[in-house]
Structure formats: structure tokens, C-alpha cells
Amino acid sequence: MSDGLKTDPLVIAGREYSSRLIMGTGGVDNFDLLSRALIASGTQLTTVAMRRVNATAGVSVLDVLRDLKIDVLPNTAGCYTAAEAILTAQLAREALETDWVKLEVIADERTLLPEPIELVTAAEALIKDGFTVLPYTNDDPILARRLEHVGCAAVMPLGAPIGSGMGIRNPHNISLIVEGAGVPVVLDAGIGTASEAAQAMELGCSAVLLASAVTRAKDPIAMATAMRLAVESGRLAAGAGRIPVREFGVASSPTQGRATL
Amino acid sequence: MPTVWGQLRRTLIDVSTNAGSASSDLLVVGGGAIGLAIAWEAARNGRSVRICDPDPGHGASWVAAGMLAPINEAHFGEDDRLPVALAALNSWKSFAAEVTQATGQPIGLREEGSIVVAYDTDDRVATDRMRLFHASLGLTATELTIAECRKLEPWLSPDIAGGTLVEGDLSVNNRALVEALLRANELCGVEFDRRHVSAIQLDTTGARARGVIFDDGDHANADVVVLAAGTWSALVQGLPAQVVPPVHPRKGQILRLRATAEQPQPLTRSLIALVQGSNVYLVPRSNGELVIGATQEDRGFHTSVTAGGIWELLRDARLVIPAIGEMEIGEMAAGLRPATPDNAAIVGRTEIDGLLIATGHGRNGILFTPLTAQIINDLIEGRAPIAQA
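Residue numbers (the numbering used here), protein chains in the order written: chain A, 159 to 419; chain B, 711 to 1099.
Hints in this document: simulated from the structure, not taken from any laboratory.
Quick caveat: nothing in here was measured; it's all calculated off a predicted structure.
All C-beta atoms, glycine included, are put in the ideal place defined by N, C-alpha and C.
Please note that a few of the clues may not be correct.
[What the hints assert, rightly or not] Below are the EDC-like pairs computed for lysine to aspartate or glutamate, each with C-alpha atoms no more than 20 Å apart in a straight line:
1) K227(A) / D190(A)
2) K376(A) / D1052(B)
3) K376(A) / D838(B)
4) K803(B) / E822(B)
5) K376(A) / E877(B)
6) K376(A) / E783(B)
7) K376(A) / D832(B)
8) K803(B) / D735(B)
[What the hints assert, rightly or not] Computed spacing ranges between beta-carbons, pair by pair:
9) P864(B) / K286(A): 49 to 59 Å
10) R754(B) / K227(A): 16 to 26 Å
11) G1092(B) / S353(A): 51 to 61 Å
Working from the sequences, and respecting the hints, build out all of it.
Okay, structure coming up:
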């Protein structure tokens, strides 16, 4: 039994993080507010879109992360083909000196859903090229398994489309992915509020990745705090062994433990 | 396309005639809208003024759209700035009248307000959320049905999901403004030094500004120096680190279309649209120009125009006003807004005596031009400033 206060660390490709909340930076142009939200979230790993950032130029969101000593996970947001995603990852590696990449290959900009074939193609090529690949994938257990088989260091299924805030639309599939996975499962995209982040952890995910839920909230700092607590609670609850669901009520103190009057 | 950095470099060769050290009451580093407005008011206060800029008027102020819509700039967590933004808007009508009176040059101030349009139902939820937030701050904006939107702006697509009318918003032709301010300064005897300022010169104690040093090694003295060089303010040498304003370039790509005989100007007021989660604005001019902006990119000192940037603007604009497809492309440009970490402008005194700073206005440089000029001149003249920016 644990002391109930601390969750175990998240380990991805040999790197250890005590925080299981991975943040994104999209949706904020106020770096001051962003940096306070990141601190409140307790995140130690944050993903940054390489398309909107020039890593070699001036002040950018990268400086914010550097100041806060948060690891940068470059992502390939905005890429529609394996070729684009591979090039973007290579440029990110050169500029940021990290071979980690959050691989996104999007099918269309209306749904922002992953393009599965291009995703697997890009993942294979990047892994062959020495990258540590964390793919943003559909909530499809078979696709998730395939990504693991080509050597991805984690799989990151969506709860719902990016930025939609619809929560986890198919919790059963997320459970199936968790059950079948030998690498960490990170619930990525769709989270709108804290209970959904807790739910992801209760379903057995190793971590939660979110951005808009915090950056577009009215009070990003309060929401970041809520997400940190939700991820911790969900992780603890997942390991605490919940009671079975029953059809009918059962008194919690039938005979023992009653106060004698 | 004004590649501002390129122009700064190029004009170094073309050193102006103002060689030799000179002295003035006030030296303004940066001849954008804000620097020009500061200089003009100081000259009208009887000060001898010199503006240092290799290409005055052709930085971010030239690329801008000239939309004066402070309500839409009030975001969650930034509402404390709203009173100042509204004060900035309120200063505009009299300022525009003064500029035109002094120069005889109209600057295209439009008073039809602005309309905020949501493209689909998701966008409608987002714009309603902002409208309620603005209402909670005491700002009035009128909710419009789709039919009401299209009655006000008949070229709006029938596909939109709804809108909001913001009366009181203004727009100005920023290029006409810059040209008029250049003229106004000339008429007041303000001197222009078309050299690149490389450093602020401090006295031997390091506590007081003496003037500026140019790239050619020459210098100019002044009692007061105002650093108003937009995002380049952070590159000026000679200042202690804590005095250097924390500005960085935030690139904006912007497009100018032209009405034709077949396709007249489709808008009567500024249109701010949320299109499938993406922001675009369209600002009409009476001369038939339609300004469509703008991307926001943190990519350093690069002013390249990209296919993707322009495509995003056209994609979103065409969904709300299909008729823009028939207009001619006038110009595609990119400028660099001076952005700050908290999106608030940096206007006021510094710990260096005789050095004032006016930069960091981000997206709102044109909006804040009259108010900034007033605050800086109040400080120069020892009056209590009317507002803290």
C-alpha cells in the first residue's frame, strides 16, 4: 500500500517525470500568463508547434520554457503528409537539439483527426532516423498497437478532436488501448475540464496532454491548477482499487463499527 | 513589400545631410506613428525636436490595418487594460481632426463601428462567450441575428451563424495617418535624421541620457530622448539590461485588396470574424481598398510573406465575404509588432534621467498613438499624465 500522497513517476523512453500532466502552448499570445499557467500546472514536459516558432530567432515560447526549466517536446502540428512531418521533425531536432518529437499528421483541418497511414509511415521513418516518437493517434486500439510495433516510445490517443473540449468520447477504446499497450498511453486532445483529465487517468492512462482546456479557459491559472490536481487524483484512484459497481445499495456499516448508544 | 529590417540596413549607405553633432530639446528614436505623434506634439509645445529613423513611417505603422477596436482586444485576464484602451479610442476623433486641420490631409477616419461575425455554430459559442464577458465589464455590444448582420453588410455570406455590432469602434487609414504626421512634423520644423541609431548615449555617471550614437559613429545630443523604435527598441545599445524594454517581434502578414468596377467595396464597417476557430479582420477604406489581416507569428526579425499565411487570410475572409474573390490583390506584406511578455505597452519614464520609452503596443500601436503621444508629452512637460499605459 502507498502512503496515498505521492504518485509514481512517469517514465517515457528512460526519462522520468514526477508530473503526469503534459502541456501544450497553443492558444496563448500572452507569454506572462502562459508562464504562470505552466507553473500552476506543475508540468515538466511541454509541447510546442514548430510551424509557428522559429527556434533560432528572438524571444519565443521556447524562452518561456527555458526559463521555467520545462523540457520541450516539439510537435509537427499542421502537417498533412508523412513527408512534411518528417521534415518538420528533422528541423526541430536541429534547432532544439532533441530527438524527441510529438508526431502529428492530420487528415483534414476541419476535424484535425490523425491520418493513420501517413502517421505510421512517418513514425517508422523517424524511428529509423533515431527519433523518440510520441504519436498523436486516433482512439483505435489496433492503430495504437501498430504504432507500438513500429517502435513508438508512447502512444497518444485522442479523447475527442483537438480543441473540441468534448472529453473522452470512447472510454472503452481508451481502456482497450491501455490494456494492450506495453508503452505509456498518454490521453492527448479533447479534454475540456478537470473531471475528464481524472477520467483519463482512471482509465489507466499514464499521462494526460492538454492545451486549449487551460489556455482558452477564462482563468488559465485556476484551470491549470485544477488539471494538475485532477491528474494526480485520477492516478491515485486508478491505483487505489475502486469498489465494484453494484445493482443495489448496501449499507457501509451494517453491524461492525457502529457507535454504541 | 516593406521589409523593414532590409530597409534599415540599406539606408545606412544613404547617410543624411545632418552630419556633425547637433543638439535639440527632444530626440525621438523611431519615426513610426507613435514616434511621429510624440514629436509633433512636442514641437507644438515649443520644443526643438529631431526624429531619428532611416525610413520614417515605413515600419509596422505602414503595414498595419488601422482598425481601432479596443473591445475586441479585451481578452480574459487582460481586462485591467480596458480603461486605458477605451481612453485611447476616445482620444482619436479630436486627434484626427487636429492632424487634418494642421496638414489639410484627410486620414480616412471611419465611424461606422465594427461588426463581429461568427462563421459556424462553434464560432457562435465562442463569440457569445466573449460578448457576455465584455458585457460583464460594462461594455455594450448589440447581438445581431443573421438577417440583421446581412442587412447591415449585404455582402456577408448567408452561411454565417450570427454577429455582434460594436458601435463606437473606429478605423483610420494608417498610411494616410503616417503621411499626414510626417507632413505635420515638417510644418512644425521637426528635423529628420535618416540614420540608424545604434545606441543611447549616457553621461559619465550613467544615470542620465545625453543623446544618441548613430551607426556611423556620429552622435546627437538632446535634453530628452524618447525610445519609440517599436520592436527594434530592444536592439538599441548603451542601456543597462533592466532598462532595455522587453519587446520581441511578433510578425503579422496582411493583405490589401482593391475594389474594381465589377466588384465595389463590399463593406461599410470593419468586420471581425471568427471562422472555424481562426481570427480574421477586414477593414474597408473609402478609396476601395480592403485590408485583410493578420497572422501572429513569433519568428524573429523576418518579414517574409508566406503562401500559407496569405492563404489563411483569404480562406477565412472569403468564407464570410465570398465577393472578395472578385477583388484585385493590391499588396501582400508583413510587419513586426513590438510584443511584450504580458501584452501590455511600455510607456513612460525609465530609471535613466531624460530617457522615456514608448513601445510594446503589440497589435494596438495605431489605437494607442494619440494617447501615447499625450502621456509622453505630459511627462516631458512635467504634467501628471492623464493615464498610465
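Verification of the supplied hints:
no., hint, in the structure
1, K227(A) / D190(A), "holds (15 Å)"
2, K376(A) / D1052(B), "holds (16 Å)"
3, K376(A) / D838(B), "holds (13 Å)"
4, K803(B) / E822(B), "holds (13 Å)"
5, K376(A) / E877(B), "violated (25 Å)"
6, K376(A) / E783(B), "holds (15 Å)"
7, K376(A) / D832(B), "holds (17 Å)"
8, K803(B) / D735(B), "violated (29 Å)"
9, P864(B) / K286(A): 49 to 59 Å, "holds (57 Å)"
10, R754(B) / K227(A): 16 to 26 Å, "violated (51 Å)"
11, G1092(B) / S353(A): 51 to 61 Å, "holds (58 Å)"
The structure fails hints 5, 8 and 10 (numbered hints given earlier, in ascending order).
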